[in-house]
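Peer 1: Dock chains B and C against the given chain A, drawing on the hints supplied.
Protein chains in written order, with our numbering: chain A, 1 to 435; chain B, 1 to 521; chain C, 1 to 164.
Note that these hints are calculated values from the structure, not bench results. The reader is advised that the hints may include incorrect statements.
Unchecked claim - Below, in silico cross-link-like pairs of lysine-lysine (DSBU-like), each with a Cα-Cα straight-line distance of 30 Å or less:
| hint | chain 1 | residue 1 | chain 2 | residue 2 |
| --- | --- | --- | --- | --- |
| 1 | A | 199 | B | 85 |
| 2 | A | 78 | B | 19 |
| 3 | B | 58 | A | 55 |
| 4 | C | 104 | A | 429 |
| 5 | A | 10 | A | 429 |
| 6 | A | 199 | A | 259 |
Said to hold, decoys possible - Pulled a few chain B residues facing chain C out of the computed Cβ check, cut under 8 Å:
| hint | residue |
| --- | --- |
| 7 | 169 |
| 8 | 171 |
| 9 | 182 |
| 10 | 185 |
| 11 | 186 |
| 12 | 385 |
Every residue gets a Cβ at the ideal spot worked out from N, C-alpha and C, and that includes glycine.
Here is what each chain is made of, one letter per residue.
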Amino acid sequence: MGYPHASHPKEEVVLSKHFGDAGARTFDGWVKRGGYEALRKALALSRDEVVEVVKASGLRGRGGAGFPTGLKWSFMPKEVTKPHYLVCNADESEPGTFKDREILRWTPHQLIEGCAIAAHAIGAQRIYVYVRGEFTAEYRILQAAVDEAYRGGALGGDVLGSGRRIDLVVHRGAGAYICGEETAMMNSIEGRRGNPRIKPPFPAQAGLWASPTTINNVETLSAVPHIIAKGAEWYRSLCRGNPKSTGTKLFSVCGHVQKPGNYEVVMGTPMRELVYDMAGGMRPGRTLKAVIPGGSSVPMLSAAEIEDCPLDYEGVAAKGSMLGSGGMIVMDDSTDLVYQVMRLARFYAHESCAQCTQCREGTAWTTRILERILAGEGKPSDLDLLLDLADNMTGKTICVLSDSCAAPVVSAIAKFRGEFEAYLSRARKPALAQV
Amino acid sequence: MTQDLVTVTIDGLAVQVPKGTSVIEAAKQAGVLIPHYCYHPSLRSPAVCRMCLVEVEKAPKLMPACVTTVADGQVVHTDSEAARKARTGVLEFLLINHPLDCPICDQAGECELQDYVFQEGRAGSRYGDYAKRYNPVEDFGPDVLYVANRCILCTRCVRFMEDVAEAPVLNVSERGDRAYIGIDPAHCLDHPWAGNVVDLCPVGSLISKDFLHKARAWDLDKTASICTGCSQGCNIMVDTRDNTVVRVRPRANLDVNRHFICDHGRMHYRWMNRGDRIEAPLVAEAGRHLATDWDAAAAGLRELVAKSGRTVVLASAGASLESLGLVARLLARSSPLLAVQIPPVADAEAPLAGVPGLALRTERAPNGEGARLTGYSRDWPAAVRAAAGADLVVLLDVTLTEAELGEVRRAKAIVVFGTRQDQVVAEARLVLPVTNVAEENGTFVNRDRRVQRYQQAKVASGMARPAWWVAAQALAVPEAPSTVAEAFDLIAGATPDLAGIRYADLGLSGRVASARSHAGV
Amino acid sequence: MSSATQYQPVFVGEIRARLEALFPKYPEKQACLLPALWLVQEARGWISDGAIAEVAEVLGLTPAYVRGVVTFYTMYHTHPVGRHFIQVCTTSPCNICGAEEVTKALLKHTGCGALGATSPDGRFTVIEVECLGACGFATPILIDDDFVEGVTPERVAGILQGYK
Chain A
1 MGYPHASHPK EEVVLSKHFG DAGARTFDGW VKRGGYEALR KALALSRDEV VEVVKASGLR
61 GRGGAGFPTG LKWSFMPKEV TKPHYLVCNA DESEPGTFKD REILRWTPHQ LIEGCAIAAH
121 AIGAQRIYVY VRGEFTAEYR ILQAAVDEAY RGGALGGDVL GSGRRIDLVV HRGAGAYICG
181 EETAMMNSIE GRRGNPRIKP PFPAQAGLWA SPTTINNVET LSAVPHIIAK GAEWYRSLCR
241 GNPKSTGTKL FSVCGHVQKP GNYEVVMGTP MRELVYDMAG GMRPGRTLKA VIPGGSSVPM
301 LSAAEIEDCP LDYEGVAAKG SMLGSGGMIV MDDSTDLVYQ VMRLARFYAH ESCAQCTQCR
361 EGTAWTTRIL ERILAGEGKP SDLDLLLDLA DNMTGKTICV LSDSCAAPVV SAIAKFRGEF
421 EAYLSRARKP ALAQV
Chain B
1 MTQDLVTVTI DGLAVQVPKG TSVIEAAKQA GVLIPHYCYH PSLRSPAVCR MCLVEVEKAP
61 KLMPACVTTV ADGQVVHTDS EAARKARTGV LEFLLINHPL DCPICDQAGE CELQDYVFQE
121 GRAGSRYGDY AKRYNPVEDF GPDVLYVANR CILCTRCVRF MEDVAEAPVL NVSERGDRAY
181 IGIDPAHCLD HPWAGNVVDL CPVGSLISKD FLHKARAWDL DKTASICTGC SQGCNIMVDT
241 RDNTVVRVRP RANLDVNRHF ICDHGRMHYR WMNRGDRIEA PLVAEAGRHL ATDWDAAAAG
301 LRELVAKSGR TVVLASAGAS LESLGLVARL LARSSPLLAV QIPPVADAEA PLAGVPGLAL
361 RTERAPNGEG ARLTGYSRDW PAAVRAAAGA DLVVLLDVTL TEAELGEVRR AKAIVVFGTR
421 QDQVVAEARL VLPVTNVAEE NGTFVNRDRR VQRYQQAKVA SGMARPAWWV AAQALAVPEA
481 PSTVAEAFDL IAGATPDLAG IRYADLGLSG RVASARSHAG V
Chain C
1 MSSATQYQPV FVGEIRARLE ALFPKYPEKQ ACLLPALWLV QEARGWISDG AIAEVAEVLG
61 LTPAYVRGVV TFYTMYHTHP VGRHFIQVCT TSPCNICGAE EVTKALLKHT GCGALGATSP
121 DGRFTVIEVE CLGACGFATP ILIDDDFVEG VTPERVAGIL QGYK
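Isolated chain A, as found in the complex:
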């Protein structure tokens, strides 16, 4: 559903079926809508059987990395010698992305059910759902749903009479984008600064409190009950493009479209269908300039490039970008792209954890150069400098925040160089006061 708008016929409504339906929020309401049957079914299967179903479905991580979920689960030790943990990443902070928030506030039980099934599959007795601190309402809604689930027997010491123990703790973040990185999230849960960790060790070997841990995104986990209920083949059949990208994806379309919102489409749906049909296309008198398709950390695409771009992992990668979180930022010709690239660089500079030299200093320096350019004080050599800094900031750090800062800079200079040169040549008047 292109929530908050009515579903578009081209959507495939699975996860978003109950967006806007307040009745789905309660435990009884969810059960009435068929909820927790998948959990019951999964608990009757072995760990391996559940993992195999999810593997066969082709479900891939919906937080941004697109890593095959069943495969990630299979990394957990077969024998439980230390406690296993499931972490649900509800730290949604990638600019342009607002899909997990809808799942949390309309269908918290969908998420709880998915978490419980995943916990069973990986041999975990405890789930931590890390909700970003700013999602105040979602936190309250989720906590209330968790309390109901305990009362209803879907969580606790004897889940749905299976004898299995599954506990869920909702843990609030406190304002740090970097905590959405899985290893930083674990540090944050442990009561530390949200610094990403070096890998190896990988979370499945040593994660939370040095114990085997799996971290999955909200949307990924929410797909799990449907896969268990309707089968892997059904999920695989939801595919309009590359067979390696299956199922549905919630795309958060925002920016300069008539109908911004979350649209659930089958993988492989053409991007132009999403932007021009479902999201209502451009505002009157406006033309499309650029789209950042997967949250701000991916390279931006020009209007021409989205004309023949299927929305799956491989399709967007073939265009030189990434599907990422599916946070689609649409920018029309009224956009000052140089200004927005500066604003994104500033975002990354604010959010850098400060561990790695390139990120800590590079994000701030990049921002300063862009501010100077916008203030009409840029030098022609600044563009080459930005590109060289971007190169020094890519592939060299503990996490990819540094690379994420570089991506919009590099793609904007490559595809919209003229906009930068307009500021450099003073053809365009400064957008910022003197710095």
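Peer 2: Using the frame of chain A, we list chains B and C on its own:
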């Protein structure tokens, strides 16, 4: 003991190292120092500075050498174009906020940022005239200043206090390029081992107030020595300028003190520069002390020894093994009563929690064990009483109380081997000026029976000579030692516990004396 | 120093009970640090040095360590703020939908004048924050714990009226 070994090729040189070795350590075996900041062999590695990125064949990205373990058959290039560009990049990023303080920064000349920038940094800055981040200097006290602007956030100081000192009073505060090292406002760096953060800091961000603006690194002469602060025997580097000790720093010894010394030892050097010395050998004549030469002094000493039947030696636990041994040997014919003075202890031990077996010891002298091995007893009061009735009392670098002096003055003859004016006893027949630890070569034996060499860092004032040399001069034997090596070998040869150890074996990390059962000791 | 300025502990009575109820949910007490800091901010509006010391003591950590964590996360205030704390998102998706105009309107109608400053009547503090995760509902703002979507400059005055 066989270990799993793997072969890795670094910059074209194949080396074999134990499985689990990091690339940065393996590179050392190949003679390659991979530039780094946050890595330190005595700290856990966070791989944050990104300076040690190296090219590993078949790996998709540059790998941080400090946390990448070697794999058999791995081929590493530390100096490829990609690795060099990465390092140049890191250096450039570090310099955008780092102030151009070199002219006023104590670290200049021993600064790892300077060194690597000079080697591989860009010749000019591309940062232009953007403002640099500014934070005021903070006094972390008692000895440490934090010059926040110079900090490169390697976090060695935070990790040292947290993991090694186990006193987490430092933190990283804020985020991004606003980050800085913070200290809990209710605390200061008064932990007994906190001064090590100054050495650990690769740049001039954490600096010592004691050393502030005292000397330039390139004016310093550096000498390997042993700390005299306690019986732990930490290895140190004595830095001198113009024949004055200006600083003491740790010297790496993985078996004793790893890379650290305590603050007591660190500050325990001023006494080495004292000017109130005894300038020349003195001989008593008609109620006064008259200066003389060493030949005359040695002859006088020989004569006194020859006619003394009951002899007592009262020695400092800071005297070298050679000095203690040769003085004892000089008096051997009279079966001397030998006693060593262990300084009184007020405080408890101060361990460095993260390094087992390392602590500031309650025995605040470096050679108590060496004294024991060479036959010196710790029963000081008994020795002082015995001195009263002795024919000859030899004082070896000790300062006596009034009461003790009262006893000693009753002896027939007194000889003082002294490093300081206040050790002179008016009634002494001979006053022989001897060198202190900074002015001679010698050995100490620490509490763990490790025999360690210390080296001469400065020239003695006046005519002072090592006490062992003075004693050797008075020995009436042709094979009296004339070098410290000969002195050591002579003493060690006669000490069962030091059997098999020769001076040439000691090197700069020492040798542990083999255990021998001592009934009742 | 008068007793009025002496630090009063937060973790007594009901708040203490709430914190202790969290201990069994984590294998280590340290994991209760972020929740404990939220309890402090809920009770006092900000996290003082005294609170940092108290949290450290209750959880067996050092004040330096707790301070390092507090200063990492932007939602914790280390100094008093207005009675109502307003966070407005100005990251690119909202930025291209008029977030900066909303920010100007907020500064004007609250009387704050500048970002980070508290209004003269102590009622409001306004800061810019990064992506609030409601990009399709530009411009979102957080007022205290209330998440308000779709804010436009025209709506600002009306929204603020609800916050005394």
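Peer 1: Does residue 186 (chain B) hold up as a contact with chain C if the rule is Cβ-Cβ below 8 Å?
Peer 2: holds, 6 Å
Peer 1: Take the shortest C-beta to C-beta distance between residue 385 (chain B) and chain C; is it under 8 Å?
Peer 2: violated, 52 Å
Peer 1: Can you confirm whether the C-alpha distance between residue 104 (chain C) and residue 429 (chain A) stays at or below 30 Å?
Peer 2: holds, 21 Å
Peer 1: Min Cβ distance, residue 185 (chain B) to chain C: is it shorter than 8 Å?
Peer 2: Since chain C brings a Cβ to about 7 Å from residue 185 (chain B), closer than 8 Å, the hint holds.
Peer 1: Tell me if the interface restraint on residue 171 (chain B) is satisfied: Cβ within less than 8 Å of some Cβ in chain C.
Peer 2: Holds, because the Cβ-Cβ distance from residue 171 (chain B) to chain C comes to roughly 3 Å (cut-off 8 Å).
Peer 1: For residue 199 (chain A) and residue 259 (chain A), compute the direct alpha-carbon distance and say whether it is at most 30 Å.
Peer 2: violated, 41 Å
Peer 1: When you check the alpha-carbon spacing of residue 58 (chain B) and residue 55 (chain A), does it fall within 30 Å?
Peer 2: holds, 29 Å
Peer 1: Was the hint right that residue 169 (chain B) lines chain C, CB cutoff 8 Å?
Peer 2: holds, 5 Å
Peer 1: Against the 30 Å threshold, does the CA-CA distance of residue 78 (chain A) and residue 19 (chain B) hold or violate the hint?
Peer 2: holds, 26 Å
Peer 1: Holds or violated: are the alpha carbons of residue 10 (chain A) and residue 429 (chain A) at most 30 Å from each other?
Peer 2: Distance ~43 Å between residue 10 (chain A) and residue 429 (chain A) Cα, so the pair is violated.
Peer 1: Run the distance test for residue 199 (chain A) versus residue 85 (chain B): straight-line Cα separation, threshold 30 Å.
Peer 2: holds, 23 Å
Peer 1: Does the CB of residue 182 (chain B) sit less than 8 Å away from some CB of chain C?
Peer 2: holds, 6 Å
Against the hints set out earlier in the document, violations occur for numbers 5, 6 and 12.
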